[in-house]
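Peer 1: Residue-level listing of the chains:
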Amino acid sequence: MNETVISPGLTWPGSSGAGDRRRLAARTSLALIVLLLLVSIVSLGIGAADASFWHSLVTVARGDELSALERVILFDIRLPRLAMGLLVGAALAVSGAVMQGLFRNPLADPGLVGVGAGAGLGAIIAIVLGASLPAAVSLAIGHYIVPVAAFIGGWVATLVLYQVSTSRGRTSVAMMLLAGIALGALAAALSGILVYLANDAQLRDLTFWGLGSLAGATWGKLMAAAPLILLAMAAAPFLARSLNALALGEAAAAHLGIPIQRMKMLAVVVVAMATGAAVAVSGGIGFIGIVVPHLLRISVGPDHRYLLLNSALLGASLLVLADTISRTIIAPAELPIGILTAVIGGPVFIWILLRNRGLLNL
Amino acid sequence: MLHATRLEVSLSERPILRDVEFRARPGQLTAIVGPNGSGKTTLLRALTGETPFTGRVELDGDDITALKPWQLAARRAVLPQATRLAFPFTVLEVVRIGLSCGREGGRESLAEAALARVGLSGFEGRLFHELSGGEQQRTQLARVLVQVWNPVADGLPCWLFLDEPVASLDIGQQLEVMRLARDFATAGGGVIAVMHDLNLTAMFADSVAVMREGHLMQQGPPGEVLTDGCLSTAYGCRVRVNVAPTAGAPFLLPHACAEAPRFERSAPGP
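Which chain is which? The protein sequence lines are A and B, in order.
So the first sequence is residues 1 to 362, counted in our numbering.
So the second sequence is residues 1 to 270, counted in our numbering.
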C-alpha cells in the first residue's frame, strides 16, 4: 500500500468546501476571458507594419478617415489572422481535451497520435485532386473542400486508432502511441506520393500550408474553417458529463447510465471536425492540444464541464500570443508558429511525462 | 426480484458460465461465493449487463437488455473490484460523478453524507490516486451509494452489485462495509455481493450462491449451504463448519490436511 505517500488535504482558495473546485474553475474562466481580450488587442496593435491599433482607434474617434493602407492592414490582414488564431487555438485545445478524455489518457493528442497526419493527408488529397474538379464545382465549394477533406481524414484516423488501441473497454497507451506512429508514417508516405503528382501551383500551396502557420489567413479561409470548428465547439459541452464518467472506466461509465457507443462516436466526430478544420487552415501546429488541457487539469481539476470551456479560452489566448510573438520577434521576417509552439511545448511535454509516471502506468 | 435463467457466458469460445439459474430478492443480501476462476465475477457482470450473455436476466420483471442505460442506472449501481482513474480527481469529485448520474442529482450534500457513511469524512479534498487501496475502494463505494441513495424509489427496490467489496479493507472496515450493505437490504433494497471471506458471508448474507467451474452448485440460506460437504466439493479442500458461540452463524475452519509432505526435509548444511 502506498500509505506513506499522503498529500495534505487540498483546499483551494475560493472553494466552498474541501475538494470542490467549481468556483475556482468559474473564476479561472473569467480570468481567461480577460486574458483573451488583452491578447487580442495586443495582437491587433502590434505587427511588422507600423499601423497601431491605438493610433487607428484615435483616428476613428477623432472622426477622421483611416488611410487605405491602415484599413488593409487592420481589416484584411490582422483581423482575419486574429480570428483564425482564436478559432484554431480553441479547436486544437478542445480536440486535445476531448481526445484525452475519450482515450482516458493525458498523452492522447491529435497531433501526436496520427489524427493530425490523417487530417493533413485529407487536406493534401483535396488540394492536389481538387484541381481536377469541374471549374463550376470548385468555384462554388472550393473553399470548403480542403477543411471537409481534412475532417474526413482525421475522422478515419481516429476510428482506426481507437479500434487498434482499445479492446474490451481498455485503451492501451503503448498501442495507442505505436499505432499513432504507424498512422503518421502511412499518412506521410501517401502525402509524399501526392506531392509528386502535384503541379507547380499546387506545390506552392502545399509548401505554404505545410509550414504550420497562420500567415495565410484570409476571410475566405476563415469562412471555410469556422463552421466545422464552431459546430465542434457547440457539441463538445454535451460530452462533458460522459467524459467525467468515462474517467472511471468504460464499464463504470456504462453502469452510470452513459450510452457509451453513441457518446464515443460523438467524441470522435468532435475531435475530427476540430482537428481537421484547424489543420486545413493552419497546417500542423503542435502541442497546444496537450499542454493546455494538462495545465488546466493540474490547476483547476479534470472536471470536463469546466475543462472544455477553459481549454478553448486558454488555447485561443496562447495561440494568438504565440502568433504575435512569431511575427514580431524577427520582423519583418516571420518565424513559423509551429517552431515556437514546439520550442515551448516539447519541454512541457517531457515535464508532463515525468510528472505523470505514476498515474500513467507507463 | 432479480431472476436469471439459463445464463450462459463464453469468452473466446471457452464457456465461463453454464446454465446458471440465480435468484436474489430485495430486502436480502445475496452472496456469490466459490473458488477463484469459478465464474463469480462473470456471473455478477452478466447480471449487470456488462458482459454479453445468452439467457434472460429480469430485474423486477423487466428484461435488463430491454432497459436503456440511464433507466438501469436509476435502479442499480455497481461497485467494481478496483478502479484506476485517468485524471487527478479529488475524492469529492469522484463521488459527485456518481451523484450526477443518479436520481438525486440535485442534492449536493449527499456526497458528503455518503463519504461520512463509509468513514471518509475529511477526505473530500484528497486526490483519489494518492489514496491507499482501501480508501480508494471506500471512495468508490460512496460513489455507488449516492447513485442509488434510496433503497426503494418509485415503489421499486434499488440494487447494489458489489464485486468483492471488502477485499482490500482491514477487519474493522470490513464489518463497517458489510453492515452498510446489510442496512441497505434491511431498508428494502437488494444487495448482491461477490465474496471471498466465507465467515463474513455466513455472518451477513441471507442467501448464498456457491459457484464451481461455471455452474451454480447450490443456492440457499447460509445455514443450509455453508456445510462441510458443499464447501469441500466447491473449494476442493477439507473445510470444517462449526457454529460461532455468540452469533449462532456458521463458522468455518479450513483443515490443514495431514497428507504427505510436499518438500523433502533436507539435512542442514555444514
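For the record, the hints were derived by calculation from the structure and aren't laboratory data.
Be careful, since some hints might not be right.
Output of the computed footprint for chain B on chain A, the stretches with three or more beta carbons under 8 Å from beta carbons of chain B [as the list claims (entries may be wrong)]:
#, region
1, 30 to 37
2, 247 to 261
3, 264 to 278
Which chain A residues stay away from chain B? Per the calculated CB distances, all over 12 Å, these [to be verified]:
#, residue
4, A18
5, R21
6, F75
7, Q100
8, G101
9, L159
10, A174
11, L177
12, S242
13, L243
14, N244
15, H304
16, L307
17, P332
18, E334
19, V343
Heads up, the beta-carbon is just placed ideally off N, CA and C, and yes, glycines get one too.
Peer 1: The structure should be examined with respect to each hint, and the outcome stated for every one.
Peer 2: For each hint, the structure was consulted:
1. Under the rule that three or more residues need a Cβ within less than 8 Å of chain B, the assignment of the region 30 to 37 of chain A is violated, with 0 such residues.
2. Taking a C-beta to C-beta cut-off of 8 Å, the region 247 to 261 of chain A contributes 12 residues in contact with chain B, enough for the three needed, and the coverage statement holds.
3. Restraint check on the region 264 to 278 of chain A versus chain B: 0 residues with Cβ-Cβ distances below 8 Å, three needed, restraint violated.
4. With a least beta-carbon separation of about 3 Å from chain B, A18 of chain A fails to lie farther than 12 Å from that chain, contradicting its non-interface assignment.
5. Against the 12 Å criterion, R21 of chain A falls within the reach of chain B, whose nearest CB is about 7 Å from its own CB.
6. No beta-carbon of chain B is positioned within 12 Å of the beta-carbon of F75 of chain A; the least distance is around 42 Å.
7. Once the 12 Å rule is applied to beta carbons, Q100 of chain A is inconsistent with being away from chain B; the minimum gap is 8 Å.
8. With a least CB separation of 8 Å from chain B, G101 of chain A falls inside the 12 Å interface cut-off, contrary to its annotation.
9. With a least CB separation of 21 Å from chain B, L159 of chain A remains clear of the 12 Å interface cut-off, as annotated.
10. The non-interface label for A174 of chain A is consistent with chain B: the shortest C-beta to C-beta separation is roughly 15 Å, beyond 12 Å.
11. Distance check on L177 of chain A: its Cβ is at least 15 Å (rounded) from any Cβ of chain B, clearing the 12 Å threshold; non-interface status holds.
12. The claim that S242 of chain A is not at the interface with chain B is violated, since a C-beta of that chain comes within 12 Å of its own (minimum 10 Å).
13. Non-interface status of L243 of chain A relative to chain B is broken: a Cβ of that chain comes within 12 Å, the nearest being about 9 Å off.
14. At roughly 5 Å, the least C-beta separation between N244 of chain A and chain B is not larger than 12 Å, which violates its mark as non-interface.
15. Consistency note on H304 of chain A: stated as away from chain B, yet its beta-carbon is not over 12 Å from all of that chain's, at 9 Å minimum.
16. A beta-carbon of chain B comes within 12 Å of the beta-carbon of L307 of chain A; the shortest separation is about 9 Å.
17. Remark: the non-interface label on P332 of chain A is consistent with the geometry, its nearest Cβ contact in chain B lying 44 Å away (cut-off 12 Å).
18. Separation of E334 of chain A from chain B is adequate, the least Cβ-Cβ distance of about 37 Å exceeding the 12 Å criterion.
19. Against the 12 Å criterion, V343 of chain A stays outside the reach of chain B, whose nearest CB is about 27 Å from its own CB.
Consistency with the previously given hints fails for numbers 1, 3, 4, 5, 7, 8, 12, 13, 14, 15, 16, ordered from lowest to highest.
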